[in-house]
Amino acid sequence: MQHILTILLQNESGALVRVAGMFASRSYNIESLTVAATADPAISKLVLCVHGDDQAVAQIANQTCKLIDVLEVHHEKAAA
Amino acid sequence: MPAQLLQAEAAIDPHPRTEPATTGADVVVRVFAEQGARVLFGYSGGAILPVFDAVFRYNARHPQADGSELMPLVVPANEQGAGFMAGGYARASGRVGIAVVTSGPGATNIVTPVRDALADSVPLVVICGQVPSSAIGSDAFQEAPVSTIMGAVAKHVFLVTDPRRLESTLRTAFEIARSGRPGPVVVDIPKDVQNAAVAFRGHGQLPIPGYRARLAAIQSARIGDDACATLFAALQRARRPLIYAGGGVIAAGADAALRRFVDATGIPVTTTLMGIGGFDTTDPLALHLLGMHGTAYANYAVEDCDLLLALGARFDDRVVGSPAAFAPCAEFIAQIDIDAAEIGKVKPVQWQHNGDLRVSLESLCRYADAHGLDLHGEGRYADWHAYIAGLKQAHAMDYDRTSAPIQPQAVIEAINRISAGRAIVSTGVGQHQMWAAQYMDFRGPRQWLTSGSMGTMGFGLPGAIGAQFARPDALVIDIDGDGSIRMNLGELETVTTYELPVKIVLLNNRGDGMVRQWQKLFFDGRMASSDKSLHTKDFIKAVQADGFRWARRLERKEELDAVMAEFLAFGGPAFLEVMIDPDACVYPMVGPGASYAQMITGDFIACRGRGNATPAAGIHGDMF
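Top line first, the protein sequences correspond to chains V and B.
Numbering that gives the first Met the number 0 puts the first residue of the first sequence at 0, with every later residue one more than the last.
Numbering that gives the first Met the number 0 puts the first residue of the second sequence at 0, with every later residue one more than the last.
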């Protein structure tokens, strides 16, 4: 099942690496990753696609929530 | 400067409030002071020299009447030692441990203690010097990509690029380290930032709105009346409820609240390795350790319980073995944790609360009081209590008490007879760690200091040093193994340099005992690289060379009690090496990935059911 995680992130040095590194260190493959600026220059928006069962993706979403730079994580299943 | 000018300056009487101009390095020290730092652990080097100098000047400006330093900086043999000293200090005190190291190798040497602290939720602030901003990325001398390396192993890492943000960054580092689920925070400070002229303002934090909002939600989370009612209804239905308490009890300062909750409900308690001391191990309702090397009676109680209440515990693989087979009769599993990601991570739960454990247990006690629920007083679990008492008697911990070689468990019991649950004990990792966990008593929290999750050999000696700085008047004992103590052997000298009355008990079985135990069980007894009987190290000569005045090797079991008493009573650093039976194994043992029903208990602990016969049965070859 494909899931989409939308992450609002403080635009700090190393923040993107910490998100991507956390997925890698917990053995999650990121299928696609888009990073874009937002109206607030201090905040970036990441859109991440991952495959996995609901529980596994809920777990990585919870882990993402623990990163200090992360402002918000929104998790939805992609349309089949 | 011409002599006349010097004289003229000396003649000026400075205003009493005059403060010297400050640099980034001074700001670091001022934030340490503001955050209550009582001791620092660190090793110098080119890129951190300004901070070391600022500590020196700070101490010189604040002379103490007794000649001591206001902010002593303890120097280890290796930066890993500094990290574990800070970890031992934090584990024993609950305060943030501080380590200060230089760039490059200084920083990479402390990666292990940082990961260790994250894995065991220990609050640390680690300051790393970094090459000057202009040299970052140039493969400069003693350069390492600290923010990238540490980002993967720390709770958070900051690279300070703007001196004006240094003070708020440091203050925020302490806030992050000690709040929520505690952990290590690394601050990487380029040398030019340390040297920059900046004023200390005494206030200001970085905006971390996401983290603070989540923290505020956790801190204000309360178990509602409906949720309390659901849990107590389940407890009233249950006939065999069991509390499974983890390190969260200690991190949250929830031991007293747990005591009240157990008094109110009468639910027996088993603790994880990290939870030891969160509940008085001598209590009749204490079942001691559960899991891979848990007591047989704790593991049987887990097998038999019909309700399991996990408090600040994360169903780690060393506890659970096979998740599907863990607590197979528990119809209702409840979990309270400060970390939402730990709830239901391994095992689905029927009731949960994401919040502070102390506050949560107090809410449950208040609800019970308000609704006249006195499960303990009404003797609701009297049959279960009798059953547990029977388990403790029938499956008591035991070992070969008649053998000629000294059994390691006898050594731990000899320590325990004297320390009576009041000592602070640190350990390395392996068999000695498990024997200490099984046979020592702990009356309270922050007395048992061990590398639980990471399982880092070499934690014991620097951990004990840090703990002795946190608790100068306490009896601090490092129970170590010959493999583990070798890992940070250089810190023996740190013990004598600072005249710390640390007691080191070395259980020497001439090799890596736990590795040998696995090789016996799972590798047909091929002892690949784990036998050290031909190694020539004379530990007694080694510690004497490092200045230990009390050092003794014990080989005769009849001398054990007398020697132990003399050793523990010695007023300074002391080292006792005990030559133990090299074939001794840690029992009980639930093999990796196995169920508790497959637990083997060895020759001296009574086993029930199927167990014992096939030690490796059902264990998947890849399990670790």
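In short, the hints are calculated from the structure, not lab data.
Fair warning: this is a prediction, and the values are worked out from it, not measured in the lab.
Glycine residues also receive a C-beta, built at the ideal position from the N, C-alpha and C atoms.
There's no promise every hint is true.
[Said to hold, decoys possible] Straight-line distance between alpha carbons at most 25 Å, and here's what the computed DSS-like set of lysine-lysine pairs gives: (1) B:531 <-> B:519; (2) V:76 <-> V:65; (3) B:540 <-> B:519; (4) B:556 <-> B:540; (5) B:519 <-> V:76; (6) B:556 <-> V:65.
[Unchecked claim] Over 10 Å on every C-beta distance to chain B, these chain V residues come out as not near it, computed from the model: (7) 21; (8) 26; (9) 29; (10) 32; (11) 33; (12) 37; (13) 38; (14) 44; (15) 52; (16) 71; (17) 73.
Results for each hint:
Pair hint residue 531 of chain B plus residue 519 of chain B holds up; C-alpha atoms about 16 Å apart against a cutoff of 25 Å. For the given pair, residue 76 of chain V sits about 21 Å from residue 65 of chain V by alpha-carbon distance, which is consistent with the 25 Å threshold. In summary, the hint linking residue 540 of chain B to residue 519 of chain B is not supported, as the alpha carbons are separated by about 32 Å, beyond the 25 Å threshold. For a cut-off of 25 Å, the pair hint linking residue 556 of chain B to residue 540 of chain B stands: about 22 Å separates their Cα positions.
Among the hinted pairs, residue 519 of chain B with residue 76 of chain V is inconsistent with the structure: their alpha-carbon atoms are about 48 Å apart, more than 25 Å. Restraint check for residue 556 of chain B and residue 65 of chain V: the C-alpha separation of about 52 Å exceeds 25 Å, so the hint is violated. Against the 10 Å criterion, residue 21 of chain V falls within the reach of chain B, whose nearest CB is about 8 Å from its own CB. The claim that residue 26 of chain V lies off the interface holds: its Cβ sits roughly 13 Å from the closest Cβ of chain B, which is beyond the 10 Å cut-off.
The beta carbon of residue 29 of chain V is kept farther than 10 Å from every beta carbon of chain B, the shortest such distance being approximately 16 Å. With a closest Cβ-Cβ approach of about 17 Å to chain B, residue 32 of chain V is found to remain outside the 10 Å limit, as its non-interface label requires. The Cβ of residue 33 of chain V sits about 20 Å from the closest Cβ of chain B, beyond the 10 Å cut-off, so the non-interface label holds. Every C-beta of chain B lies more than 10 Å from that of residue 37 of chain V, the closest at about 14 Å, which supports listing it as non-interface.
Non-interface status of residue 38 of chain V relative to chain B is upheld: no Cβ of that chain comes within 10 Å, the nearest being about 16 Å off. Look at residue 44 of chain V: its CB is around 13 Å from the nearest CB on chain B, clear of 10 Å, so calling it non-interface holds up. No Cβ of chain B comes within 10 Å of the Cβ of residue 52 of chain V; the nearest lies about 13 Å off, and the non-interface call holds. Residue 71 of chain V, annotated as away from the interface, has a beta carbon of chain B within 10 Å; the closest lies near 7 Å.
The Cβ of residue 73 of chain V sits about 13 Å from the closest Cβ of chain B, beyond the 10 Å cut-off, so the non-interface label holds.
When the structure is compared with the earlier hints, violations turn up for hints 3, 5, 6, 7 and 16 and for no others.
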